[in-house]
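The lines below spell out each chain.
Number of protein chains: 2
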Amino acid sequence: MAETFVIAQGGGPTAVINQTVAGATLEIRKRYPKARVLGARHGVRGVRDGDFVVLSDLPEAQLRLFGGTPSAGLGSTRDKPDAAYCDLVLKGLQKADAQAFIYIGGNDTSGTQQILTDASGGSIAFVHAPKTIDNDLMENDHTPGFMSAAEFVAGAFLSVDLDFRALPGVYVAIVMGRHAGFLTAASAAWRLDEESGPHLIYVPERAFSVSRFIDDVKRTLDKHKRCVVAVSEGVQTADGTSLVESIVGPDKVERDAHGNVKLSGSDLNRAFEHALAEGLPGKRARVDALGYMPRGYVGAISKVDSQEAFDAGVHAVEAAARGGGSVALQFDGQKTVLNIVPLSSVAAKTRHMPDDFLSAEGTGLTEKGMAYLNRLVPKRFEVAKPFV
Amino acid sequence: MAETFVIAQGGGPTAVINQTVAGATLEIRKRYPKARVLGARHGVRGVRDGDFVVLSDLPEAQLRLFGGTPSAGLGSTRDKPDAAYCDLVLKGLQKADAQAFIYIGGNDTSGTQQILTDASGGSIAFVHAPKTIDNDLMENDHTPGFMSAAEFVAGAFLSVDLDFRALPGVYVAIVMGRHAGFLTAASAAWRLDEESGPHLIYVPERAFSVSRFIDDVKRTLDKHKRCVVAVSEGVQTADGTSLVESIVGPDKVERDAHGNVKLSGSDLNRAFEHALAEGLPGKRARVDALGYMPRGYVGAISKVDSQEAFDAGVHAVEAAARGGGSVALQFDGQKTVLNIVPLSSVAAKTRHMPDDFLSAEGTGLTEKGMAYLNRLVPKRFEVAKPFV
Numbered sequence: 001m002a003e004t005f006v007i008a009q010g011g012g013p014t015a016v017i018n019q020t021v022a023g024a025t026l027e028i029r030k031r032y033p034k035a036r037v038l039g040a041r042h043g044v045r046g047v048r049d050g051d052f053v054v055l056s057d058l059p060e061a062q063l064r065l066f067g068g069t070p071s072a073g074l075g076s077t078r079d080k081p082d083a084a085y086c087d088l089v090l091k092g093l094q095k096a097d098a099q100a101f102i103y104i105g106g107n108d109t110s111g112t113q114q115i116l117t118d119a120s121g122g123s124i125a126f127v128h129a130p131k132t133i134d135n136d137l138m139e140n141d142h143t144p145g146f147m148s149a150a151e152f153v154a155g156a157f158l159s160v161d162l163d164f165r166a167l168p169g170v171y172v173a174i175v176m177g178r179h180a181g182f183l184t185a186a187s188a189a190w191r192l193d194e195e196s197g198p199h200l201i202y203v204p205e206r207a208f209s210v211s212r213f214i215d216d217v218k219r220t221l222d223k224h225k226r227c228v229v230a231v232s233e234g235v236q237t238a239d240g241t242s243l244v245e246s247i248v249g250p251d252k253v254e255r256d257a258h259g260n261v262k263l264s265g266s267d268l269n270r271a272f273e274h275a276l277a278e279g280l281p282g283k284r285a286r287v288d289a290l291g292y293m294p295r296g297y298v299g300a301i302s303k304v305d306s307q308e309a310f311d312a313g314v315h316a317v318e319a320a321a322r323g324g325g326s327v328a329l330q331f332d333g334q335k336t337v338l339n340i341v342p343l344s345s346v347a348a349k350t351r352h353m354p355d356d357f358l359s360a361e362g363t364g365l366t367e368k369g370m371a372y373l374n375r376l377v378p379k380r381f382e383v384a385k386p387f388v
Numbered sequence: 001m002a003e004t005f006v007i008a009q010g011g012g013p014t015a016v017i018n019q020t021v022a023g024a025t026l027e028i029r030k031r032y033p034k035a036r037v038l039g040a041r042h043g044v045r046g047v048r049d050g051d052f053v054v055l056s057d058l059p060e061a062q063l064r065l066f067g068g069t070p071s072a073g074l075g076s077t078r079d080k081p082d083a084a085y086c087d088l089v090l091k092g093l094q095k096a097d098a099q100a101f102i103y104i105g106g107n108d109t110s111g112t113q114q115i116l117t118d119a120s121g122g123s124i125a126f127v128h129a130p131k132t133i134d135n136d137l138m139e140n141d142h143t144p145g146f147m148s149a150a151e152f153v154a155g156a157f158l159s160v161d162l163d164f165r166a167l168p169g170v171y172v173a174i175v176m177g178r179h180a181g182f183l184t185a186a187s188a189a190w191r192l193d194e195e196s197g198p199h200l201i202y203v204p205e206r207a208f209s210v211s212r213f214i215d216d217v218k219r220t221l222d223k224h225k226r227c228v229v230a231v232s233e234g235v236q237t238a239d240g241t242s243l244v245e246s247i248v249g250p251d252k253v254e255r256d257a258h259g260n261v262k263l264s265g266s267d268l269n270r271a272f273e274h275a276l277a278e279g280l281p282g283k284r285a286r287v288d289a290l291g292y293m294p295r296g297y298v299g300a301i302s303k304v305d306s307q308e309a310f311d312a313g314v315h316a317v318e319a320a321a322r323g324g325g326s327v328a329l330q331f332d333g334q335k336t337v338l339n340i341v342p343l344s345s346v347a348a349k350t351r352h353m354p355d356d357f358l359s360a361e362g363t364g365l366t367e368k369g370m371a372y373l374n375r376l377v378p379k380r381f382e383v384a385k386p387f388v
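First to last, the protein sequences are chains Y and Z.
Heads up, the first sequence is in UniProt numbering, so the first residue is 1 and it goes up one at a time.
Heads up, the second sequence is in UniProt numbering, so the first residue is 1 and it goes up one at a time.
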């Protein structure tokens with residue numbers, strides 16, 4: 001069996017991605033006491049360049065402390081390797097004498113592992129361990145990183161809704177999520193009662209209309225005197241254009257190296273500020289982005305998420321022993337169970353929020369949607385209902 | 001002695017302002033078992049309009065749960081009463097048969113209490129209980145609300161610095177603080193080592209220059225490959241113009257009802273995005289505002305802050321017994337002590353960061369500045385140093 005394992009982290013960091021590194025390393029040590037575990041710095045880039053940390057040399061206590069530290073402690077990368085890049089990665093693995101490569105990431109990462117599997121001819125076991133705050137991986141009930149991020153978002157909206165009870169107005173917070181609205185929906189997890197915000201939720205799964213948005217806000221203000229709104233950064237108009245692009249214009253919009261519209265700038269904030277200033281002139285309104293906080297805030301790391309991320313690392317070692325695959329967190333109706341599924345069933349696919357999680361208007365959650373959140377994001381704080 | 005006490009909350013909410021209500025109410029109940037305690041909704045507005053909650057009717061357990069709930073649960077107001085408004089407030093207090101009015105807030109609140117004292121002719125005891133995340137009250141070593149807000153900011157920067165170790169670039173976060181830089185400085189409280197961000201801090205106490213900012217960022221990138229920046233929303237250029245105004249122009253800038261430049265919109269984000277895009281073309285950069293999270297995030301409530309805010313309420317009752325005044329949190333060299341000072345010594349004044357808290361360049365903290373933060377914002381999480 002394998003004597004050298006390579007582990008790497010890809011894509012956006014999460015609060016618990018290091019747990020998966022710790023879980024895999026400790027499991028390898030248990031199963032193969034003499035095996036070497038190399039952590040590649042900055043994902044496939046480190047594999048390609050032979051830039052490794054020898055994780056198997058570290059004491060267990062240090063690995064466990066590392067596991068409890070948010071963000072990707074080996075470094076990450078946004079590189080999506082093409083065939084030529086994959087060839088270099090394969091050479092890097094061969095040079096390191098690796099029998100298995102465990103890559104922790106989202107659906108792009110699974111795709112990379114599929115390409116490498118096809119290119120290697122079976123000499124190396126390629127394993128994908130799941131990670132994403134977007135919660136958008138097929139075959140998974142939920143993904144490591146989501147629960148912690150969701151807990152931050154739930155706490156942020158509970159808090160800001162209390163703030164806006166004290167000083168009423170309109171509040172819009174933009175939440176990460178290009179294609180899937182799970183994290184934005186988590187804003188509703190800790191609502192105190194029917195009166196609580198977020199009063200409106202906009203996710204990429206439903207078409208966004210500025211005029212309907214303004215109507216929604218007006219109606220909420222009439223009812224509650226304040227309006228707290230959660231918006232996914234990836235909301236799109238009915239023709240499939242991102243909101244940023246539809247407002248800023250296709251020429252002026254910023255794009256990343258892959259041609260994707262940059263959603264993280266302040267253009268989207270301004271779009272909402274302008275829409276509110278025009279639609280509700282003189283009304284106190286604030287637009288913020290929660291930014292990077294959900295994916296790594298040190299004060300919102302879910303214990304269950306941490307344990308599941310660790311377990312995903314443990315299962316990745318079993319997947320390696322079986323020749324490769326993708327670790328998936330599934331729900332058996334009672335509890336979360338970890339299974340191993342083919343890489344191709346996760347690669348380059350996106351899981352969206354089930355349609356029956358969203359209310360008919362699309363701006364709220366159904367009982368089924370709430371039940372999903374209640375299971376994954378249980379309330380962690382007891383607070384009193386304010387007097388206003 | 002007084003049989004009816006009125007309590008109200010003013011200005012921006014904090015994570016612990018309800019503790020002061022709870023502390024005062026429970027102390028009144030202890031000292032004057034038959035006294036009535038009225039909580040005014042939305043600050044002086046509720047006093048003026050006779051809109052009260054009878055706090056003395058509530059069981060202790062409910063008051064304690066209320067105390068542990070972030071934001072101003074009685075509601076707050078931005079109203080700064082003039083003489084005519086104060087007259088209506090005074091009439092409201094007389095109508096409620098109030099012998100004392102405890103108003104929890106910042107220096108504006110203290111100013112209101114001073115005006116009311118002068119107008120009332122001594123028939124009512126006016127007390128100011130301190131509260132502000134800005135930490136900018138004279139006579140105070142620090143203010144209730146600051147420690148919790150500072151803890152959020154410290155944790156946010158620890159987390160985002162780990163994120164930017166994983167995926168390097170430039171990160172700028174805008175932190176609340178119009179006149180004082182304490183909360184922005186708190187971004188440095190939980191730095192892991194000399195290599196850690198925030199690498200640059202910009203506060204209102206020092207003049208801001210865009211060209212020097214770009215030079216600072218370039219130098220930091222050369223040294224650390226990433227650059228994490230904390231900026232107070234109130235930074236000003238050397239001529240005393242707010243950065244927003246100097247970039248957007250005095251005509252286009254948004255102002256609030258008091259003529260103050262609106263700092264909370266996305267103009268400041270954009271100013272930084274543009275400065276970075278021009279000064280460091282092509283470099284990955286992200287500009288966020290921490291927004292309202294520091295002042296009420298349910299997951300970052302400091303226990304010491306909670307206790308001190310409660311104690312400030314207790315002391316406010318003693319201040320009422322003495323005929324009025326402002327409760328101040330002072331430091332005796334060993335511990336925090338609560339004293340009562342004249343309203344006029346706090347009213348309409350701003351405490352700035354001591355000059356010797358800031359390094360010569362103004363973008364870092366001195367040992368003295370760090371010692372202050374270490375005392376008030378002790379580390380709460382143990383994390384591992386990343387491998388990148």
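Bear in mind the hints are in silico, worked out from the structure with no lab data behind them.
Misleading hints may appear alongside valid ones.
[Unchecked claim] Below 25 Å or equal to it, Euclidean Cα-Cα: the simulated DSS-like pairs (lysine-lysine) are:
hint, chain 1, residue 1, chain 2, residue 2
1, Z, K303, Z, K30
2, Z, K368, Z, K379
3, Z, K368, Z, K335
4, Z, K223, Z, K385
5, Y, K225, Z, K80
6, Y, K262, Z, K218
7, Y, K30, Y, K379
8, Y, K252, Y, K262
9, Y, K91, Y, K34
10, Y, K80, Z, K283
11, Z, K225, Y, K262
12, Z, K262, Y, K283
13, Z, K91, Z, K80
14, Z, K80, Y, K283
15, Y, K283, Y, K218
16, Y, K283, Y, K223
17, Z, K80, Y, K80
18, Z, K252, Y, K252
19, Z, K34, Z, K80
20, Y, K225, Y, K30
21, Z, K385, Y, K303
22, Z, K218, Y, K379
23, Y, K283, Z, K252
24, Z, K34, Y, K262
25, Y, K283, Y, K225
26, Z, K283, Y, K252
27, Z, K262, Y, K218
28, Y, K303, Z, K303
29, Z, K262, Y, K225
30, Y, K385, Z, K303
31, Z, K303, Z, K225
32, Y, K95, Y, K80
33, Y, K303, Z, K379
34, Z, K252, Z, K262
Going through the hints against the structure:
1. Z:K303 / Z:K30: Distance of about 23 Å is within 25 Å: holds.
2. Z:K368 / Z:K379: 17 Å, holds
3. Z:K368 / Z:K335: 17 Å, holds
4. Z:K223 / Z:K385: 18 Å, holds
5. Y:K225 / Z:K80: 22 Å, holds
6. Y:K262 / Z:K218: Satisfied, since the Cα-Cα distance of roughly 23 Å is no more than 25 Å.
7. Y:K30 / Y:K379: 36 Å, violated
8. Y:K252 / Y:K262: This hinted pair holds, its Cα atoms lying about 11 Å apart.
9. Y:K91 / Y:K34: Holds, because 23 Å separates the two Cα atoms, which is no more than 25 Å.
10. Y:K80 / Z:K283: Roughly 19 Å between the alpha carbons, so the hint for K80 of chain Y and K283 of chain Z holds.
11. Z:K225 / Y:K262: 22 Å, holds
12. Z:K262 / Y:K283: At roughly 14 Å apart (the allowed maximum being 25 Å), K283 of chain Y and K262 of chain Z satisfy the hint.
13. Z:K91 / Z:K80: Between K91 of chain Z and K80 of chain Z the Cα gap is close to 17 Å, so the pair holds against 25 Å.
14. Z:K80 / Y:K283: Satisfied, since the Cα-Cα distance of roughly 19 Å is no more than 25 Å.
15. Y:K283 / Y:K218: Holds. K283 of chain Y to K218 of chain Y sits at ~11 Å (cutoff 25 Å).
16. Y:K283 / Y:K223: 15 Å, holds
17. Z:K80 / Y:K80: With a Cα-Cα distance of about 56 Å, the restraint between K80 of chain Z and K80 of chain Y is violated, given a limit of 25 Å.
18. Z:K252 / Y:K252: Measuring from Cα to Cα gives roughly 22 Å; hence the hint holds.
19. Z:K34 / Z:K80: 32 Å, violated
20. Y:K225 / Y:K30: Cα-Cα ~59 Å, so violated.
21. Z:K385 / Y:K303: Between K385 of chain Z and K303 of chain Y the Cα gap is close to 21 Å, so the pair holds against 25 Å.
22. Z:K218 / Y:K379: 44 Å, violated
23. Y:K283 / Z:K252: Holds, at about 18 Å.
24. Z:K34 / Y:K262: 62 Å, violated
25. Y:K283 / Y:K225: Holds, at about 11 Å.
26. Z:K283 / Y:K252: 18 Å, holds
27. Z:K262 / Y:K218: Distance of about 23 Å is within 25 Å: holds.
28. Y:K303 / Z:K303: 21 Å, holds
29. Z:K262 / Y:K225: 22 Å, holds
30. Y:K385 / Z:K303: Holds: K385 of chain Y and K303 of chain Z sit about 21 Å apart, inside 25 Å.
31. Z:K303 / Z:K225: Measuring from Cα to Cα gives roughly 37 Å; hence the hint is violated.
32. Y:K95 / Y:K80: 21 Å, holds
33. Y:K303 / Z:K379: OK: K303 of chain Y and K379 of chain Z at ~20 Å, within 25 Å.
34. Z:K252 / Z:K262: 11 Å, holds
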